[in-house]
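These protein sequences, in sequence, are chains A and B.
full-length UniProt numbering numbers the first residue of the first sequence as 1 and each following residue consecutively.
full-length UniProt numbering numbers the first residue of the second sequence as 1 and each following residue consecutively.
Hint data in this document are derived by calculation from the structure and do not stem from the laboratory.
Some hints could be false.
For identical chains, the list gives no copy identity; a pair is met inside one copy or between any two copies.
Said to hold, decoys possible - Below are the PhoX-like pairs computed for lysine-lysine, each with C-alpha atoms no more than 25 Å apart in a straight line:
{"#": "1", "residue 1": "58", "residue 2": "147"}
{"#": "2", "residue 1": "205", "residue 2": "247"}
{"#": "3", "residue 1": "211", "residue 2": "176"}
{"#": "4", "residue 1": "133", "residue 2": "387"}
{"#": "5", "residue 1": "368", "residue 2": "387"}
{"#": "6", "residue 1": "271", "residue 2": "222"}
{"#": "7", "residue 1": "81", "residue 2": "144"}
{"#": "8", "residue 1": "58", "residue 2": "144"}
{"#": "9", "residue 1": "316", "residue 2": "381"}
{"#": "10", "residue 1": "81", "residue 2": "222"}
{"#": "11", "residue 1": "368", "residue 2": "133"}
{"#": "12", "residue 1": "58", "residue 2": "3"}
{"#": "13", "residue 1": "81", "residue 2": "160"}
2 protein chains.
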Amino acid sequence: MDKITTSIITIGDELLIGQTIDTNSAWMAQQLNAMGIWVHRRVAIGDIRDDILDALAKESAVSDVVLITGGLGPTADDITKPTLCEYFNTRLVQHQETLENVLHIFESRGLPILQRNLDQSLVPETATVIENKRGTAPGMWFEKEGKIYVSMPGVPHEMKGIMEDYVLPRLAKDFKTPAVIHQTLVTSGMGESFIAERLVAFEAKLPAHIKLAYLPSYSLLKLRLTGFGKDKLSVAAEVSILFHQLKDLLADITVTDQDISIGEVLGNLLKEKGKTMGTAESCTGGLIASWITAVPGSSAYFKGSAVTYANEMKVKMLGVKPETLQAHGAVSEATVQEMLTGALALLQTDYAIAVSGIMGPDGGTPEKPVGTVWIAVGNAKRTVTVKYQLRYDRERNTQMTAVYAMNELRKLILE
Amino acid sequence: MDKITTSIITIGDELLIGQTIDTNSAWMAQQLNAMGIWVHRRVAIGDIRDDILDALAKESAVSDVVLITGGLGPTADDITKPTLCEYFNTRLVQHQETLENVLHIFESRGLPILQRNLDQSLVPETATVIENKRGTAPGMWFEKEGKIYVSMPGVPHEMKGIMEDYVLPRLAKDFKTPAVIHQTLVTSGMGESFIAERLVAFEAKLPAHIKLAYLPSYSLLKLRLTGFGKDKLSVAAEVSILFHQLKDLLADITVTDQDISIGEVLGNLLKEKGKTMGTAESCTGGLIASWITAVPGSSAYFKGSAVTYANEMKVKMLGVKPETLQAHGAVSEATVQEMLTGALALLQTDYAIAVSGIMGPDGGTPEKPVGTVWIAVGNAKRTVTVKYQLRYDRERNTQMTAVYAMNELRKLILE
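For reference, chain A alone in the conformation it holds in the complex (with noise of 0.2 Å):
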């Protein structure tokens, strides 16, 4: 087969009220993606037998493979089981190596097993099981007319391990898939629309094979070139080509030529550099700090952060002036100033980001309306400071001003 197209079918009422946002998803597509396979249609429905029924008609009409996740746990809401049964025309079974796992996992906890943990060992006759090793419910995989159907638990770290232990192998193994090359470049300080009309011209000559797709992401905007083709090498070297001119043509505006986090992109800066940093944080409160530190391996170049949300903690854990506080407030350029000073001082760290901010809904004033905020980045020898009017939401502000003082810092660092 040339190329496989997929369908994910996410199944639970809670994506559909929107009290849970759906993560698999894009795990699952970022995963297939690489090994060439084509999600083209993700679709989300509610616990209801004939939404279900419907969507696995529709779905293996457009599809040859049809990833399901969700419903399988042990309560009355989910209905997974029995629906798969009455599609496939078949009945639940109990499976022994299954029913061996449940008991295991609740043994090793040290619970007492009830009949519905039991049943999740039952499983419909005509499925090829899979393995869960995290825990009690188990994927299943089923063949009809041609068509693959993969069922799997909603618990994200459970269908993780079900996908790479069986499901991508499986797939690799059984379809011939095309190659697929991503590259991304990720810019800061300019629009969408200024950068796609210096890349006018480049766009033009993009053969039908290889795409170029614009993705907003906070304040820096990631750009993807996608390449797709028979042989690998020949994909990647075209796409390799096309990327380095993309890269000559947004030098200017470049964060990095990788796609990771401006965390990322920090860190890597740092440990290259050999030097350190730390953070110190009124309105992101910490934020700024757990993005870092998200990043494996940050403590070589990671110290610490004073979260200083109370006044009296700038003054106190970085010795900010109480008369520069009364003078000009603490969302002001002199106090972002001695922020970075009391960081740089009490974390000992080659550099240092600050920032003071009004993240709303309230706290605004005429003078400082919600959205203003200071950030201050430097070393011993030079700060700069950067003041920033932002129009969100209070999460949005917050996240932007991490942003924002993270590629602050990155810019400093390159100077």
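Model the placement of chain B on the given structure of chain A, informed by the hints.
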């Protein structure tokens, strides 16, 4: 009409290759659900003409309202608008108010304007144009064969503005929607199947129009009771009676009877008691502080945090004894005890949380494998320390540590 059904279509390759997680649909579903409009299908497709046309046809066949986001940007990969013209058999015409809005946005930001920006004021002739106060791409409302279609930009805060300003009020006006009442209980410390066992009799007597859903969320479990009906007051009364029974049955494991985050639960408790808190964080790197300060008004009870990622910072900022680190290691009961004592002294708060652990993927040893975490919570008089052995990846281990730590402090304050 008695029950309006809605489909949400999100358009964009970035959703299908897993580069972007779809948060728009969840927000939209929440808003619609709150007004009694049931979202029964959510579909994500790529920027592909055939797939867009197919999705419009399929979703309008099963839904009264089809909400569409994405693909309206100024760049070449955005093909939603011409495809909508094709589907509705119309053509693009210039819309004067939108043109003025685009010009105004560019002028007020001091940016030069490009043809591709001006083109954002081109709209399908049969559409009712919806003003976008936060960006250049307007919303568009279509009606065809008794079905409603609304196309909106995919940028979250622009989509939200259009929904709030126009789409939701108009849907409320045009349709007689059923009443939907949700009540959510958040529990901790008991697995899904054990709770289900305790609720067998309760679930058995639930009427058909009231459903109970189990929604795992990190170490917590949410139980959501949802009632539907014609009369809002009577549905609310019915749900309320059942919800009280549910609360009584699960009183020993209840965290909160509202659908709020653990950060909000803890914040509300501190406000109610007039107490303050702070954190000393090693392995969570500021995540606990950032979750607590994500709640508006948290400055009333949150003073700050010492993020002591490096051991020398535990000594310097929190007064942890070098001998303690030497004898027991950074991830130990003795260290988190001293971190807690140090945090209370430094931050001068009523309560504090201290955490230290090994989040992975590296850093584990046979004695302290990845996932080992020590938590201390308390005040000057009383502290509680707990050890967890987590079994997930770095991100999930960190988030679970944050939830566990906040929940421990909640329990201690209540005791």
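Quiz prompt | Structure versus earlier hints - violations, ascending order | solution = Per hint list: zero violations.
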